[in-house]
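So the sequences go chain by chain: A and B. One point on numbering: in numbering that gives the first Met the number 0, the residue at position 10 of the first sequence is 9, and numbering is uninterrupted. One point on numbering: in numbering that gives the first Met the number 0, the residue at position 157 of the second sequence is 156, and numbering is uninterrupted.
Everything labelled a hint here was simulated from the structure, so no lab data went into it. Don't be surprised by glycine CBs; every beta carbon is placed ideally from N, CA and C. There's no promise every hint is true.
Claimed, not checked - Pairwise CB distance ranges, derived in the manner of DEER restraints:
{"id": "1", "chain 1": "B", "residue 1": "Ile208", "chain 2": "A", "residue 2": "Gly122", "range": "52 to 60 Å"}
{"id": "2", "chain 1": "B", "residue 1": "Trp47", "chain 2": "A", "residue 2": "Val60", "range": "42 to 50 Å"}
{"id": "3", "chain 1": "A", "residue 1": "Ala207", "chain 2": "B", "residue 2": "Phe36", "range": "52 to 60 Å"}
{"id": "4", "chain 1": "A", "residue 1": "Ser20", "chain 2": "B", "residue 2": "Phe36", "range": "40 to 48 Å"}
{"id": "5", "chain 1": "A", "residue 1": "Gly122", "chain 2": "B", "residue 2": "Phe24", "range": "22 to 30 Å"}
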Amino acid sequence: MTLQVSLRHSFKGFTLDVAFSAPPGVTVLYGPSGSGKTTLINTVAGLLRPEQGRVVAHDWVLLDTQTRRNLPPHKRRLGYIFQEGRLFPHLTVRQNLLYGRWFAPRDARTESLTRVVEMLGIGPLLDRRPGALSGGEKQRVAIGRALLAAPKLLLADEPLAALDEARKAEILPYFERLRDEVSVPILYVSHSSAEVARLATTVVALKAGRVAACGTAAQVLGDVAAVGARAAASVLSARVLAHHSDGLSELTTAAGALWLPRISDQPGATLRVRIAAQEVILSRDAPQGLSALNILSGLITDIRLGDGPGALVTLAIGDERLSARITRRSVQAMGLERGQRCHAILKSVAVAPEDVGTGRQYKVAE
Amino acid sequence: MGFDWANWLGPAEWQAVRLSIRVSFWATLVSLPLGIFVAYALARWDFWGKQVLNGLVHLPLILPPVVTGYLLLVTFGRRGSVGQFLDEWFGIVLSFRWTGAAVAAAVMAFPLMVRAIRMAVEAVDPKLEAAASTLGASRPWVFLTVTLPLILPGVIAGAILAFAKAMGEFGATITFVSNIPGQTQTIPSAIYAFLQVPGGEEAASRLVIVAIIIAMAALLLSEFVARRVARVVAGS
């Protein structure tokens with residue numbers, strides 16, 4: 000199912016004017032706060048009626064301001080995972096989970112409570128009330144509740160933003176499992192480049208109410224104009240080759256071997272690895288006697304000079320693209336130009352566990 | 000030597016107690032759905048004439064009760080516009096009947112009931128209701144499964160407050176339906192009547208004790224129930 004969204008809505012001093020289509024998989028609406036992400040997802044949910052807009056899921060029109068059609072939220076067959084969980088405080092976890100299922104058409108109830116409870120590991124919580132749950136537990140229950148509503152579309156509005164780092168690391172893999180095991184398309188709002196890299200099939204980058212870029216995680220995160228220099232990153236597809244006794248894992252990518260701190264996945268597993276552009280150092284000569292373990296060599300395909308002191312240099316290494324955020328001064332001093340051979344240097348520890356996710360990367364927007 | 004509870008109150012006093020409870024019970028029960036509806040509308044909806052409705056609801060709280068009673072008499076009396084209509088079409092007569100006393104009590108207690116429930120509605124996070132609607136619940140279902148359970152402590156508090164107010168209502172009742180023993184003579188009217196005759200002080204003081212006991216019992220019950228419900232609703 001493809002979801003098509005277009006809308007226009009004016010706020011005080013700011014107009015949201017976007018159109019995009021979300022193919023199956025996870026579509027991440029990515030952008031800073033105030034870029035209109037939540038307005039967009041609430042329009043899809045039917046919680047907000049824009050001045051002009053059209054939302055179509057495959058051939059099912061949810062909203063069309065021209066024909067004055069606007070389905071109320073309860074007829075849209077959604078599962079919405081909110082930032083704050085929004086569990087019903089007067090119901091037990093089990094009752095919360097089954098709430099949406101009760102309203103779903105009988106023949107659509109394909110997810111069983113048992114499977115969802117097992118997938119999210121919430122069996123011991125079933126008879127508790129939300130008030131007695133931790134933030135991470137609440138969010139897992141919220142995911143289960145959305146899934147059991149037998150939705151045609153899953154929505155998630157920054158579901159990890161209210162959690163600390165440890166809880167984020169606990170919840171993120173569940174969204175990867177949703178993407179890989181559940182056939183429902185997911186619209187996911189986020190301002191975190193790490194979440195984009197790990198989850199997105201498609202990324203729609205928003206900036207001041209406009210679509211700044213749209214494509215795969217690698218395409219959009221490599222687009223410094225769309226995401227800004229700080230968030231610029233490369234996303235490599237990798238396969239775990241071996242775990243070594245010194246605590247490092249060896250991965251193969253189309254760009255060459257990568258050595259990273261021990262990864263929990265088994266050898267043979269396919270992973271996506273996010274490499275922040277600001278962690279990459281460039282060298283024109285093959286470096287000697289360096290402590291950094293990862294040295295990848297490729298040809299410069301693009302040099303983008305920023306407005307400030309920075310520049311983004313992109314190398315083609317094998318089939319992959321790797322970006323480095325360096326200073327304009329260095330670009331000049333090194334005499335970097337397109338087509339030159341260059342060496343990219345990356346410390347192993349510069350890739351945090353949150354930057355490594357399961358699942359292959361989608362090369363082409365499907 | 001036992002104390003004879005059954006005969007502690009005389010027949011006329013018992014009659015007043017029973018009538019007061021009956022009037023207050025029905026006044027509270029019948030006005031409760033309307034009270035919840037009005038409280039919800041005032042808390043959540045924006046509509047034309049909202050301030051007028053708000054003023055109308057609160058009017059009995061600030062008007063002299065005699066004025067409210069007189070307005071009821073003019074409207075619901077046999078000759079009144081609504082009273083005539085009710086009599087001709089449904090055969091319902093309110094004036095000088097216990098049902099009229101219940102109407103007067105309900106009108107007087109309504110502002111207190113609405114205020115308590117409205118505060119409870121305002122405390123419910125509308126985001127929870129939005130969440131319920133995305134899960135497939137239509138508006139009536141959202142109300143029944145999310146809003147109503149969450150405002151239940153406020154509803155109970157409002158109902159008990161209204162019951163207590165109805166038990167003590169005097170001015171509007173006596174103006175609208177007079178003070179007929181067995182028909183419209185509630186505890187306050189009976190106390191008033193006993194005090195008008197020589198030697199009635201003893202009967203009056205017995206009814207005063209009964210009024211205090213009922214009021215205290217209602218208050219304690221409401222505290223107890225509301226606290227239990229609040230614990231369930233708070234979700235811990």
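Evaluation of the provided hints:
About 58 Å separates the C-beta atoms of Ile208/B and Gly122/A, a value consistent with the hinted range of 52 to 60 Å. Restraint check, Trp47/B to Val60/A: a C-beta distance of roughly 32 Å breaks the suggested window 42 to 50 Å. The supplied range of 52 to 60 Å is broken by Ala207/A and Phe36/B, whose beta-carbon atoms lie about 44 Å from each other. Checking the proposed 40 to 48 Å range against Ser20/A and Phe36/B shows it holds: the Cβ atoms sit about 44 Å from each other.
A hinted range of 22 to 30 Å is violated for the C-beta pair Gly122/A and Phe24/B, which are about 47 Å apart.
Hint check: violations occur at hints 2, 3 and 5; the rest are consistent with the structure.
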